[in-house]
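J.: Chain residues, written in single-letter form:
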Amino acid sequence: MSMMKIKFPMVPSDYVFKEKYFLKDAKTQPVFFKYKVKFLGGYSQNYTIKWLEIFSRYNGISANITHSEWGPGHYFISDPDIFNDRPDLFVVFLLPQDFYSLSRTSSPMEEISEIRSNIYKFVKECEKKKINIVFSTLETDLISFPDTIKNNSFLSFSIDLNKTLNEINLAYKNVLIFSISNICSGFEFENYVSSRDWYAFGNPFNINASFLTGNYLNNHIRGLLGLSKKVLVTDLDNTLWGGVIGDDGPGNIKIGNETPEGRIFADLQMYIYHLSKRGIFIAISSKNEKHLALEGFMNENSILKITDFANAEINWNIKSESIRSISKFLNVGLESVFFLDDNPVEREEVNSSCPEVLVPNVSDDPFTFLQALKFYDPFCIGVKPLEEDISRNHSIKSIKQQTDLLANVKSYNEFLKNLSIKVTIQKISDKNFDRVLQLNNKTNQFNFTTLRLKQDELSEIMSNQNNLNLTYSVSDKFTNYGLTGIIFLEIGKDKIIVNNWVMSCRVFKKTVEIAILNEVVKVASNKKIMKIHLKYISTIKNSLLLSFLKDNGFQQLRQDTNEFDFQEWVLDLSKKLEFKNYVEVLT
Amino acid sequence: MTKETILEALTELFISFFDEDLIQLKRESTAEDIPDWDSLAQVGIILSIEKKFGFKLNSSEVGKLENVGSMVDLIYEKKL
Numbered sequence: 001m002s003m004m005k006i007k008f009p010m011v012p013s014d015y016v017f018k019e020k021y022f023l024k025d026a027k028t029q030p031v032f033f034k035y036k037v038k039f040l041g042g043y044s045q046n047y048t049i050k051w052l053e054i055f056s057r058y059n060g061i062s063a064n065i066t067h068s069e070w071g072p073g074h075y076f077i078s079d080p081d082i083f084n085d086r087p088d089l090f091v092v093f094l095l096p097q098d099f100y101s102l103s104r105t106s107s108p109m110e111e112i113s114e115i116r117s118n119i120y121k122f123v124k125e126c127e128k129k130k131i132n133i134v135f136s137t138l139e140t141d142l143i144s145f146p147d148t149i150k151n152n153s154f155l156s157f158s159i160d161l162n163k164t165l166n167e168i169n170l171a172y173k174n175v176l177i178f179s180i181s182n183i184c185s186g187f188e189f190e191n192y193v194s195s196r197d198w199y200a201f202g203n204p205f206n207i208n209a210s211f212l213t214g215n216y217l218n219n220h221i222r223g224l225l226g227l228s229k230k231v232l233v234t235d236l237d238n239t240l241w242g243g244v245i246g247d248d249g250p251g252n253i254k255i256g257n258e259t260p261e262g263r264i265f266a267d268l269q270m271y272i273y274h275l276s277k278r279g280i281f282i283a284i285s286s287k288n289e290k291h292l293a294l295e296g297f298m299n300e301n302s303i304l305k306i307t308d309f310a311n312a313e314i315n316w317n318i319k320s321e322s323i324r325s326i327s328k329f330l331n332v333g334l335e336s337v338f339f340l341d342d343n344p345v346e347r348e349e350v351n352s353s354c355p356e357v358l359v360p361n362v363s364d365d366p367f368t369f370l371q372a373l374k375f376y377d378p379f380c381i382g383v384k385p386l387e388e389d390i391s392r393n394h395s396i397k398s399i400k401q402q403t404d405l406l407a408n409v410k411s412y413n414e415f416l417k418n419l420s421i422k423v424t425i426q427k428i429s430d431k432n433f434d435r436v437l438q439l440n441n442k443t444n445q446f447n448f449t450t451l452r453l454k455q456d457e458l459s460e461i462m463s464n465q466n467n468l469n470l471t472y473s474v475s476d477k478f479t480n481y482g483l484t485g486i487i488f489l490e491i492g493k494d495k496i497i498v499n500n501w502v503m504s505c506r507v508f509k510k511t512v513e514i515a516i517l518n519e520v521v522k523v524a525s526n527k528k529i530m531k532i533h534l535k536y537i538s539t540i541k542n543s544l545l546l547s548f549l550k551d552n553g554f555q556q557l558r559q560d561t562n563e564f565d566f567q568e569w570v571l572d573l574s575k576k577l578e579f580k581n582y583v584e585v586l587t
Numbered sequence: 588m589t590k591e592t593i594l595e596a597l598t599e600l601f602i603s604f605f606d607e608d609l610i611q612l613k614r615e616s617t618a619e620d621i622p623d624w625d626s627l628a629q630v631g632i633i634l635s636i637e638k639k640f641g642f643k644l645n646s647s648e649v650g651k652l653e654n655v656g657s658m659v660d661l662i663y664e665k666k667l
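Residue numbers (the working numbering), protein chains in the order written: chain F, 1 to 587; chain E, 588 to 667.
Since the hints were derived computationally from the structure, they do not count as laboratory data. Each hint should be verified, as a subset may be incorrect.
Some, not all, of what chain E presents toward chain F, calculated at C-beta under 7 angstroms [unchecked claim]:
(1) 602
(2) 605
(3) 606
(4) 627
(5) 630
(6) 635
(7) 645
(8) 646
(9) 649
Cβ coordinates follow ideal geometry from the N, Cα and C atoms, glycine included.
The shape of chain E in the complex, shown without the other chains:
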């Protein structure tokens, strides 16, 4: 998986999670760019990533996910 395909897959995941077709993710996207992305949604996104990509993050990895770019990088590392 390349980082580009991961970003595409993440976009799909966000669209389904927020039930909102118009989401376009960039590496720089953060919670401020999506109105519904609050701390509760953050938990949901992390759990959805785990389900979709088939791995489990530990407590400290969870704390590092500040923006979409960091999510892409972490998924990339885990899938290497």
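Next up, chain F with everything else stripped away, as it sits in the complex:
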């Protein structure tokens, strides 16, 4: 997937006037997803919409964006017609301008309790309909009217309403609040609101802010579609700390409050630390002597410790090779890797030999690393992490323990036996709904169809009486991996159809899939069904499934390569089959 070429430090005005060029360029990219967005309020948001369209197109998303009429956001949320042509996402703008009154006798600010209750109603309706929402918070006011109605200030009013928005943000998983001033800060341009742009064009914030807001919304949509990156690979010298540890010595690297540079590196390390807490794999690719490089993490000001990293390639290999080996070790595709390095030569080498990896074009000012993280938001931090994400941290450590265990046993089967793998099967329900959606949409390798689901589509699958939709959670003696598998079964009269089957790469190679297949066979036998059909759409990334099918006795029934490589496979249960596994299944 090719990205828009951005140079950091990022100056939005270098891009905003080339919108037509970028739109044409983006439209040459292939489309993998369709997404419907509806803007409510915000007056003239044409530029935000344009840029959202451009950024999402660069990410393989064709966004169909509509906009309410001119007016305040809180006015539209109580209009039942907004649900016609159901969008996947509402973007609701609440702006100071919404409360500029044209009346001498009343002010919309008086209606705060009604607005509040309308917001709650709207959010509940969206939750029911499984629609996501982002709300802008109320921010910088151009005028600051002296309010005589409640003898109150606009600032006080906006804090009051923002408090409501935050309550909703914390209570509802489908809600995100955003701040336009936060989106804009850290980038190079003057004030993001201008009276001229408002009065002459109806733009409540300027074209640079629209550019960044479009980008921000695209990042959130990527997250909702499960397109966030999974691994941050970072260089060390002049990337995680200032200076070259081999030349300057571990005591002299710049990290911490003593120097301006050191403060930036400390913030970067803190950012990365928080990513790792959210279950993002962090890894090192550095050309260094290992023992020296490790001393960098012993510096008392270093926030990151070497144990935070899932993998460290500290050697003299070329970086693209290191990144490939990290991706292999963590069982994560290269397209899920974000790579940070201050050295343009190294970046170019990785760019050209692993074009799937996202490599920001940063400068030698370390703040640009933070800027690139903010702009690309590779890990989609607007999407709330699930329990599975947070607990993933532990399994990073256990990867190492497992590798050690594997080194000490005679055979792989013996290793599996020693692992005490347990699988718990449960039906898909509202309780695990979000995780099921995330797993289905993020998984590329063990995913038979890689058909992404939107919330309403999953609800529909769940409501079909003929379907048996199961999840499974996996644990072994080192790790509880949580919910890491889903299988969608359709029970027919004489056959069971596996409509899709998805499993996280973290539980590969443990014979879990064989145990699950065995369970499906049991379901069939109980109903005296003799055939299991399975749908398979072959892609570059899920080709490992072909050998799984063949090894377990499936036969290809038909193939249709019209639109994509669709195949139907069948398992004939009248033959004697054996599904050898090392898993204890609990239901």
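Once you have looked at the hints, place chain E on chain F.
T.: Frame of chain F, contents of chain E only:
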């Protein structure tokens, strides 16, 4: 800057803005002569003029820009 050189510079700006090499501007050119020149593009053109010529227009000046000729005249005045 003469009005002729301003017109040339504006033509360049339009070519880059619309990503379209064949644009030839005259003083009489209006939004009707360029298919992509809608109200959104009008905002973009004004902001691009401000960036290129280094001044800021106020709300009432923005309202006066009906054709290329009026843009040339306003830029000429501002750069005097």
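J.: Per the CB criterion, is residue 630 of chain E less than 7 angstroms away from chain F?
T.: holds, 5 angstroms
J.: Tell me if the interface restraint on residue 627 of chain E is satisfied: Cβ within less than 7 angstroms of some Cβ in chain F.
T.: holds, 5 angstroms
J.: Taking the least C-beta to C-beta distance, is residue 606 of chain E closer than 7 angstroms to chain F?
T.: holds, 4 angstroms
J.: Under 7 angstroms, Cβ to Cβ, is where residue 602 of chain E needs to be relative to chain F, so tell me if that hint holds or is violated.
T.: Where the cut-off is 7 angstroms and the nearest Cβ of chain F is about 11 angstroms from residue 602 of chain E, the hint is violated.
J.: Would the hint on residue 645 of chain E stand, with a C-beta cut-off of 7 angstroms toward chain F?
T.: holds, 6 angstroms
J.: Double-check residue 635 of chain E for me: the hint is only fine if its C-beta lies closer than 7 angstroms to a C-beta in chain F.
T.: holds, 5 angstroms
J.: With a cut-off of 7 angstroms on the beta carbons, see whether residue 646 of chain E makes it to chain F.
T.: Hint on residue 646 of chain E: holds, closest Cβ of chain F at ~4 angstroms, below 7 angstroms.
J.: Using Cβ atoms only, decide whether residue 605 of chain E comes closer than 7 angstroms to chain F, and label the hint accordingly.
T.: holds, 6 angstroms
J.: Against chain F, run the beta carbon of residue 649 of chain E and see if the smallest gap drops under 7 angstroms.
T.: holds, 4 angstroms
Violated hint: 1 only; the structure is consistent with all others.
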